[in-house]
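Note that the working numbering has the sequence shown beginning at 242, numbered continuously upward.
I should point out that these hints are in silico values taken from the structure, not numbers from a laboratory.
A hint or two may mislead.
[To be verified] Straight-line alpha carbon distances no greater than 25 Å define the calculated DSS-like cross-link-like pairs of lysine-lysine that follow:
1. K577 with K515
2. K541 with K767
3. K603 with K577
4. K696 with K674
5. K788 with K541
6. K515 with K696
7. K308 with K279
8. K717 with K696
9. K795 with K780
10. K767 with K795
11. K390 with K279
12. K696 with K727
13. K555 with K541
14. K767 with K717
15. K795 with K460
16. K494 with K515
17. K727 with K717
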Amino acid sequence: MRSKGRNSMQNKTGANSMADIIGGKKPAVEGEFLQFDKFSALVIDDMGAMRHALRSQLEWMGINSTKCAANAEEALRQLEIRQFDLILCDYNLNRASSGQHFLEFLRNEHKLSAMTIFVMVTAEAEYAYVANAAEFAPDDYILKPCPEKKLRARLERLFDRRNFLMPALIAMDAQNYAQVVSECDKLLALESNDRWQMAALRLKAEALHVLNDVENMLKTYQQALAMNDSVPWVKIGFARAQHMSGDLEAAEKSAREIIASHPSYVAAYELLAKIRLELHDEEGAHEMAARAAEILPTAKRFRTTAESAFLLGKLDDAKQFSESAIKLSTGSITEKPEDYLELAQIQTDLGDPLGAIHTLEKSARKYAERDEFGISKNAILAQAYFDSGDEAAAKRLLERSQRLITADNNTSAAMNRVGKAALKLGDDILGLKLMTQAVQSSGKERHRIARHVAKSMQDTGRHDQVDDVIDAGQRKILTLVDEAHKQMREAHFEQALVKVNEALAIHDENIEALLAAAQLHLLWLKREGMDEERDERAKQYLATLDKLVPHNEKVMAFYRFYNQL
Numbered sequence: 242m243r244s245k246g247r248n249s250m251q252n253k254t255g256a257n258s259m260a261d262i263i264g265g266k267k268p269a270v271e272g273e274f275l276q277f278d279k280f281s282a283l284v285i286d287d288m289g290a291m292r293h294a295l296r297s298q299l300e301w302m303g304i305n306s307t308k309c310a311a312n313a314e315e316a317l318r319q320l321e322i323r324q325f326d327l328i329l330c331d332y333n334l335n336r337a338s339s340g341q342h343f344l345e346f347l348r349n350e351h352k353l354s355a356m357t358i359f360v361m362v363t364a365e366a367e368y369a370y371v372a373n374a375a376e377f378a379p380d381d382y383i384l385k386p387c388p389e390k391k392l393r394a395r396l397e398r399l400f401d402r403r404n405f406l407m408p409a410l411i412a413m414d415a416q417n418y419a420q421v422v423s424e425c426d427k428l429l430a431l432e433s434n435d436r437w438q439m440a441a442l443r444l445k446a447e448a449l450h451v452l453n454d455v456e457n458m459l460k461t462y463q464q465a466l467a468m469n470d471s472v473p474w475v476k477i478g479f480a481r482a483q484h485m486s487g488d489l490e491a492a493e494k495s496a497r498e499i500i501a502s503h504p505s506y507v508a509a510y511e512l513l514a515k516i517r518l519e520l521h522d523e524e525g526a527h528e529m530a531a532r533a534a535e536i537l538p539t540a541k542r543f544r545t546t547a548e549s550a551f552l553l554g555k556l557d558d559a560k561q562f563s564e565s566a567i568k569l570s571t572g573s574i575t576e577k578p579e580d581y582l583e584l585a586q587i588q589t590d591l592g593d594p595l596g597a598i599h600t601l602e603k604s605a606r607k608y609a610e611r612d613e614f615g616i617s618k619n620a621i622l623a624q625a626y627f628d629s630g631d632e633a634a635a636k637r638l639l640e641r642s643q644r645l646i647t648a649d650n651n652t653s654a655a656m657n658r659v660g661k662a663a664l665k666l667g668d669d670i671l672g673l674k675l676m677t678q679a680v681q682s683s684g685k686e687r688h689r690i691a692r693h694v695a696k697s698m699q700d701t702g703r704h705d706q707v708d709d710v711i712d713a714g715q716r717k718i719l720t721l722v723d724e725a726h727k728q729m730r731e732a733h734f735e736q737a738l739v740k741v742n743e744a745l746a747i748h749d750e751n752i753e754a755l756l757a758a759a760q761l762h763l764l765w766l767k768r769e770g771m772d773e774e775r776d777e778r779a780k781q782y783l784a785t786l787d788k789l790v791p792h793n794e795k796v797m798a799f800y801r802f803y804n805q806l
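Hey, can you work out the whole structure from these sequences and the hints?
Have a look at this one:
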């Protein structure tokens with residue numbers, strides 16, 4: 242939320258003056274509309290002297306509402322209280338989270354307002370490295386030392402751009418992506434918009450991406466390429482649009498061209514990893530993921546690479562990447578208890594049960610034994626104790642992991658780990674049941690979970706049953722959905738409801754089952770008139786679908802159908 246002070250500042254700005262500036266009729270000078278005393282800033286640096294120096298420079302410009310933070314954790318706490326107009330962040334924070342790690346975290350977790358200007362303060366050597374590698378680039382880089390007048394000039398330019406894009410940025414923060422596109426089109430249609438045309442095109446393309454409007458996304462990036470075909474974000478955006486359109490060959494070619502001209506641009510490697518995986522080239526996908534982690538190491542990239550190595554059976558490499566993820570994230574905002582589960586499972590599969598026991602009972606003891614973590618921890622410990630020869634302890638741990646399972650925490654990953662423990666201890670009925678359940682409840686993660694389930698079954702000697710379990714998991718839901726559709730066609734809505742509820746009982750976020758449930762209730766309302774209970778259920782199913790698959794064409798069609806009832 243923005244402060245009333247800032248809103249009042251915008252309201253006091255002369256409407257005609259602002260229109261003239263945006264239209265290019267007047268220069269964008271501070272005296273016209275950049276009232277620095279209305280802006281707020283957050284300075285992030287681990288060195289107190291540098292925080293003081295940057296704060297003093299901002300105060301010299303008139304920015305008096307300035308907060309300071311010594312590390313990413315303190316900065317995040319500040320951002321949870323309020324948003325800032327400007328963030329000045331040192332690249333080398335001398336903690337687990339660098340400035341670049343922090344920026345990527347904020348963007349990935351959607352914790353940064355579109356109207357916040359993020360500036361990275363860095364040494365020249367760091368700038369040359371990060372600027373060529375990072376996709377999540379800040380709004381600008383400032384090299385140390387930065388004289389006050391130079392800093393002011395850079396900030397004037399950045400706030401000038403923000404003011405030009407303001408209507409679209411407000412819509413972006415409101416998650417009204419169709420409005421973002423509309424506002425960008427208005428800005429692009431202005432007679433004199435050369436200065437910020439690329440910025441408007443980028444914002445428009447990002448909104449089209451969220452809307453899954455691939456056709457117009459391609460056109461927007463083509464327009465940007467015609468203006469400047471050497472900018473990495475334009476080229477990777479175009480490659481992603483090609484990928485979204487299903488043209489994997491063209492997308493791969495574009496990504497490899499980016500690497501040829503920008504060999505350190507990690508986003509191109511990550512897109513290639515995704516494409517290679519879709520083409521069933523798991524080895525190639527792993528190679529690209531590992532290259533991205535090597536160029537710009539983050540805990541997230543190490544996790545991705547550890548998982549791909551694990552699924553390929555490269556357990557020594559998986560252990561190394563997993564340990565790197567833990568080392569890089571411990572004590573930081575990116576730390577996750579899941580990292581210890583992954584490492585312990587790798588250690589168990591490597592034949593190091595004592596190492597796995599130490600990881601979970603010593604290194605990860607700070608995490609509470611509940612929910613998915615508790616289920617998985619006990620399941621992996623059951624495997625490790627069994628391998629170490631203590632079958633009685635293994636049995637107790639398996640039973641404990643089962644007791645922790647509830648309807649709210651029976652995730653696919655947890656079911657796979659418990660199932661693997663059951664199979665290892667010789668309980669085939671329980672193990673295969675849980676493996677099937679893991680696939681059934683996997684939703685959008687079906688392909689990834691199926692790979693984990695297949696590996697678990699192969700590791701426990703059930704090679705010949707892999708296909709049956711993986712196929713059965715989704716097949717049961719699809720069979721029930723098909724039966725529901727048959728009943729719908731005959732207007733047997735009560736019978737269709739029984740089938741839909743059975744499918745949702747297997748997995749309440751399965752997309753096919755939710756689509757069938759929404760369609761059923763819409764048809765029911767149309768056929769038999771308004772009913773408060775059915776109407777409420779229809780809205781709940783649509784809301785769930787909108788959360789799981791935003792802007793899906795079929796869901797949007799259901800909304801239009803509902804509005805016409």
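Tested hints:
1. Note on K577 and K515: the hinted pairing holds, with a Cα-Cα distance of about 23 Å set against a maximum of 25 Å.
2. Of the supplied pair hints, the one linking K541 and K767 is violated, its CA atoms being roughly 47 Å apart against a limit of 25 Å.
3. With a C-alpha separation of about 16 Å, the suggested pairing of K603 with K577 holds against the 25 Å cut-off.
4. For a cut-off of 25 Å, the pair hint linking K696 to K674 stands: about 16 Å separates their Cα positions.
5. Note on K788 and K541: the hinted pairing holds, with a Cα-Cα distance of about 23 Å set against a maximum of 25 Å.
6. Simply put, K515 and K696 have alpha-carbon atoms about 20 Å apart, close enough for the 25 Å limit, and the pair holds.
7. About 14 Å separates the Cα atoms of K308 and K279, which keeps this hinted pair within 25 Å; it holds.
8. Taking the CA atoms of K717 and K696, the gap is near 22 Å; set against the 25 Å cutoff, the hint holds.
9. Only pairs whose Cα atoms come within 25 Å are accepted, and K795 paired with K780 is accepted, the gap being roughly 15 Å.
10. Restraint check for K767 and K795: the C-alpha separation of about 18 Å stays at or below 25 Å, so the hint holds.
11. Proximity of K390 to K279 is assessed by CA-CA distance (about 19 Å); at most 25 Å being required, the pair is judged to hold.
12. A hinted pair counts as satisfied when its Cα atoms are at most 25 Å apart, and K696 with K727 does not qualify at roughly 36 Å.
13. At most 25 Å may separate the alpha-carbon atoms for a hinted pair to count; K555 and K541 meet this at roughly 19 Å.
14. With a C-alpha separation of about 29 Å, the suggested pairing of K767 with K717 is violated against the 25 Å cut-off.
15. Simply put, K795 and K460 have alpha-carbon atoms about 23 Å apart, close enough for the 25 Å limit, and the pair holds.
16. Pair hint K494 plus K515 holds up; C-alpha atoms about 14 Å apart against a cutoff of 25 Å.
17. The suggested pairing of K727 with K717 holds, with an alpha-carbon distance near 16 Å, which does not exceed 25 Å.
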